[in-house]
Every structure is written in structure tokens, then in C-alpha cells.
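Work out the full structure: start from the sequences and follow the hints.
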Amino acid sequence: MSKTTQLDTFNNSHFKTGAPVLKRVFWYIVNTLFFNSFIHSYALKSFFLRLFGAKVGKGVLIKPHVNIKYPWKLEIGNHVWIGEEVWIDNLDYVKIGDNVCISQGALLLCGNHSFTSPQFDLMTGPIVLEEGVWIGAKSLVGPNVTCGSHSVLSVMSVASKNLEPYKIYRGNPAQVVKDRIIK
Amino acid sequence: MSKTTQLDTFNNSHFKTGAPVLKRVFWYIVNTLFFNSFIHSYALKSFFLRLFGAKVGKGVLIKPHVNIKYPWKLEIGNHVWIGEEVWIDNLDYVKIGDNVCISQGALLLCGNHSFTSPQFDLMTGPIVLEEGVWIGAKSLVGPNVTCGSHSVLSVMSVASKNLEPYKIYRGNPAQVVKDRIIK
Amino acid sequence: MSKTTQLDTFNNSHFKTGAPVLKRVFWYIVNTLFFNSFIHSYALKSFFLRLFGAKVGKGVLIKPHVNIKYPWKLEIGNHVWIGEEVWIDNLDYVKIGDNVCISQGALLLCGNHSFTSPQFDLMTGPIVLEEGVWIGAKSLVGPNVTCGSHSVLSVMSVASKNLEPYKIYRGNPAQVVKDRIIK
Chain X
41 MSKTTQLDTF
51 NNSHFKTGAP
61 VLKRVFWYIV
71 NTLFFNSFIH
81 SYALKSFFLR
91 LFGAKVGKGV
101 LIKPHVNIKY
111 PWKLEIGNHV
121 WIGEEVWIDN
131 LDYVKIGDNV
141 CISQGALLLC
151 GNHSFTSPQF
161 DLMTGPIVLE
171 EGVWIGAKSL
181 VGPNVTCGSH
191 SVLSVMSVAS
201 KNLEPYKIYR
211 GNPAQVVKDR
221 IIK
Chain E
41 MSKTTQLDTF
51 NNSHFKTGAP
61 VLKRVFWYIV
71 NTLFFNSFIH
81 SYALKSFFLR
91 LFGAKVGKGV
101 LIKPHVNIKY
111 PWKLEIGNHV
121 WIGEEVWIDN
131 LDYVKIGDNV
141 CISQGALLLC
151 GNHSFTSPQF
161 DLMTGPIVLE
171 EGVWIGAKSL
181 VGPNVTCGSH
191 SVLSVMSVAS
201 KNLEPYKIYR
211 GNPAQVVKDR
221 IIK
Chain Y
41 MSKTTQLDTF
51 NNSHFKTGAP
61 VLKRVFWYIV
71 NTLFFNSFIH
81 SYALKSFFLR
91 LFGAKVGKGV
101 LIKPHVNIKY
111 PWKLEIGNHV
121 WIGEEVWIDN
131 LDYVKIGDNV
141 CISQGALLLC
151 GNHSFTSPQF
161 DLMTGPIVLE
171 EGVWIGAKSL
181 VGPNVTCGSH
191 SVLSVMSVAS
201 KNLEPYKIYR
211 GNPAQVVKDR
221 IIK
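Chains as they are written, first to last, in my numbering: chain X, 41 to 223; chain E, 41 to 223; chain Y, 41 to 223.
Treat the hints as calculated values from the structure; they're not laboratory data.
Treat the hints with caution; some may be incorrect.
Since the list gives no way to pick out one identical chain from another, each pair is judged satisfied if it fits inside one copy or across any two copies.
[Unchecked claim] Distance condition first, Cα-Cα at most 25 angstroms in a straight line; then the derived SDA-like pairs of lysine to any residue:
{"no.": "1", "residue 1": "K218", "residue 2": "S77"}
{"no.": "2", "residue 1": "K207", "residue 2": "L84"}
{"no.": "3", "residue 1": "K135", "residue 2": "V216"}
{"no.": "4", "residue 1": "K43", "residue 2": "G99"}
{"no.": "5", "residue 1": "K95", "residue 2": "T49"}
{"no.": "6", "residue 1": "K98", "residue 2": "I222"}
{"no.": "7", "residue 1": "K103", "residue 2": "Q46"}
{"no.": "8", "residue 1": "K201", "residue 2": "G93"}
{"no.": "9", "residue 1": "K223", "residue 2": "E125"}
{"no.": "10", "residue 1": "K63", "residue 2": "F74"}
{"no.": "11", "residue 1": "K56", "residue 2": "N71"}
{"no.": "12", "residue 1": "K201", "residue 2": "L162"}
{"no.": "13", "residue 1": "K223", "residue 2": "T44"}
{"no.": "14", "residue 1": "K201", "residue 2": "F66"}
{"no.": "15", "residue 1": "K63", "residue 2": "S77"}
{"no.": "16", "residue 1": "K135", "residue 2": "Q159"}
{"no.": "17", "residue 1": "K56", "residue 2": "I79"}
Source: prediction; values computed, not measured.
Now the structure itself:
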């Protein structure tokens, strides 16, 4: 007989949130009021991210209704754009290089579960977006994925493996469709 | 000449909301304040769901920003996880078995329209997620779909037909990619 | 050596918002309070859209949590339905014909960027949904796309090229799957 999952046996004690509970509560409030809200101010958002432990470069533009899980697991380079309704669900470390654009509605997803385990163990992995990457609207980047320099993930596509530099990908799972040649 | 749709002739009088208007208004307020909001408390959410007619098991975890249409058309088993921004658009009955995980951003969609009818008739159908099912992040399950025991729908995939037990599906439309073997 | 993008050289001065800054600010507030919110009233929404320069027909139903960028670049026919969480990101002109249904969570996306330019130039294009079109839940229509009369874009599909009249499309990119025959 096939085995079953038992979510009441889930044990997450090995997972490191990376911050004490009070800091997480304060961040949740700041995220609710200033990030996942109608607020526009870029300067305020960079200030708060740094206050909570993120490394944030200059010229970082973060649009309204953005949802960030843990700023202390986040590094953002210079001249980065983060679009409306982008969701950085960074249970693990997310590193965003210079001149990256993450378009509206995209999701960076660092969490996964073991579907072979009855305990449905949480598995997390980092995400790296190298310099000049463009993540298209409503796309999704999964855990343990590095998007190589200046790669492009088209709208509503899913990157569950690494993207090669200067290549354009589309689909679920994302496939190379052509080269990116910058003139 | 091809016929056209006329949405002003749409007639929804056969549709049963399942509750008087005042109950629907109160639920809309509760859903807005406590479910589709930043609120965390799992106990409060199970309490409200039961108050409005849902069957809810023990150990049910419902994350913030969840949107539920009609709790009186909802049944949730034990040890179920419902992720952030999950949308249960249950115009029809939704039954969620024990140990089911619905990941963030997923949509259970019970409504459809007849595209062959000038009146664009509403057609609804129930959704059943059997024991141990995992619906991936940003995925969509359509009306009249049963996801068999311990089936998995991968991220950003679309189930418009039944999923076989212990199989893993991916894509739009979702196709089997491999077996799920729990050790 | 491959060239790189430099987002700090981005120059958007050629882009026409179509309205003075004060009007844009007022619209942002109205959009936040009455559209991208729990508010239901259809009459109020049609009133506000017209006040800010949209052409809006009769019998237009706009559900809660809808996000509209610029009403002065929007034209909506008669008996049009716009579902919950629909996002009309109309940096360019969007024209919606009579008897169109845009289902929940769909995105009309008028913006794009030149991935061959170091300046990552913004490129916008209009979207036309002709009479009787149905845009499925969580689908995406890109810039410069015309969805022909009574065409259907299925759930979670992506239209990046024109859709032929009376055809049903599915997938990313959307492909014809069958004819739409209205009886």
C-alpha cells in the first residue's frame, strides 16, 4: 500500500529564520504598511530594507504592493527595478545584481517541499539574479536557480533550472528561444 | 453571419449562492478584514469558517491574504495548509482532504462560462482535493476536477482534468511528468 | 565582450503619461480607495472612470480589487465584465469592445522593454479586445495585441500575438485549440 503524507509530523526546527521573533514581527508590520501597500517612496523603502539588514545599492526603485519575506536574507545591487506586486519569498538568500529588472507580478520562490517524504520536509534554496537580468511580468523563479548575466525570463514563464547568460527563455518549464544581443 | 454574445441577456437566476444576502454581506466583511488581509491567527480563521458553515478539521493553517468566496460550500480536513494569497473561488463545492497543501498564490476556480451560448451562461463545478494532494504555487485547478490522492500539481500549472493519484503533473494543460513515491 | 544594460541611463522623457501630475495623483488615490479595494459599487466605478477621461458604456460591471493605470487611455463598450483582481496596466491605449468578459486575475500589459538596448528603453503598445472576447482567469495579453471578435484566451495563457476571431487559444504562447461556435 502506498505511503501517505502526515503534515502534523512536519518538523521545521532545522529552518533558520535568521532573526529573532520580535524583529520578524516588526518587519511584518513594516512590510504590510510600506511595501505591500500603495506607498511609493523609493527612499523610504531602501531605508527600511537596510534597517532590517538588507544590502541595498543606490538607485533601487521598488514599486507599490511588493511583498518581501526576510530583508536580512536579501542583497540588491545598484540601479535595480522591482515592479508592482513583485513577491520576494526569500526563505533563503536572494542576491540581485546591478541593473536587474523584475517586472510586475513576478515571484522569486525560495521554498519547496520534499514530495517523497511523509513529513513533507521544507527545502529552501537561494536565488541569484546576475547583472542585467530581466525577469518578465508574472514569471516565477524557483529555489537554487541562478539566472546568468543578462538572461531574460519572458512573461509568465517558470525558471526551475539555471538560465544561461545572454539567453532569452520562455515557457513552463522555461526553454531558450533566442540570444540576447545588446547593441 | 456568426452569432454574437450578448452579456445583457445573461441570466443567473438558476445559480444558488447557498446563503441569504445578509449572510453573504457579513462573510464578505469577515473575508476582507480577517482572511484577505495581513491577519495571521489560524484559530480565528477556523472559528470564522465554521461560524459561516464550513466543515473545518483540526490543525488547519491558513496564511494571510487568502480569499474565500463561500465558506458554506467548503470542507477542509485535518492538517491542511493554505498558503499566502491562495484564492478559493468556490461558487461550487470545494472539498479538501486531510494533509493537503495548497501553496502560495494558487487558485481553485469553480466557475466557467458557456462559450457556445449567446447568454454566456455560468457553469460551475465542484473541486475535490483528495488526501495528501499538493497544489503548487500560482497553480490553477478548474471546475469539475478531482486531484487524486497524493497527486502533485507543479508551480504555475493548470489542472483542467482529473489528476491521477500519486502522479506529478506540470504545464498548461498539466501533463504527468513522473510518479510520486513516498518513502 | 558582450555589452551590458545600464538602467541608470534609462530615459523615459519620450513617454506621454497623458495627464498632468496632479490628475495622476488624484487617480492613484481613487484607484487605491475604490478600485483596488473591497468596494463593489459598479455605478461609482463607471462614474470615476468617466470623470478621469475614460469612455465607458452602459452595463459595465467592475468587480473588487481591480487595478487600472490610466483611465484617460481606456475605452470600454457596453455590457462589459471586468473580474476580481483584473489588472489593466494601460501605459498605452486599451480599447474594450461590447460584451467582453475579462475574468479574474487577468493582466492587460501595455509595456515592454527593449532587451537589445543598453538603456532598456520602454516600449508601449495598445491592446484591443474586440466585441465578445473572453479573456480567461489569470491570463495575460501583451502590447500591440488585438484579440479578434469573440476570440477566447483560456485560463493562464499568454497572448503575445493577435488572436483570430471566433477561435479559442491556450498556452504560453497561446495556440489555437478550436473554433468558437455560438449557437
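Can you list which hints this structure breaks, lowest number first?
-> 1, 2, 8, 9 and 14
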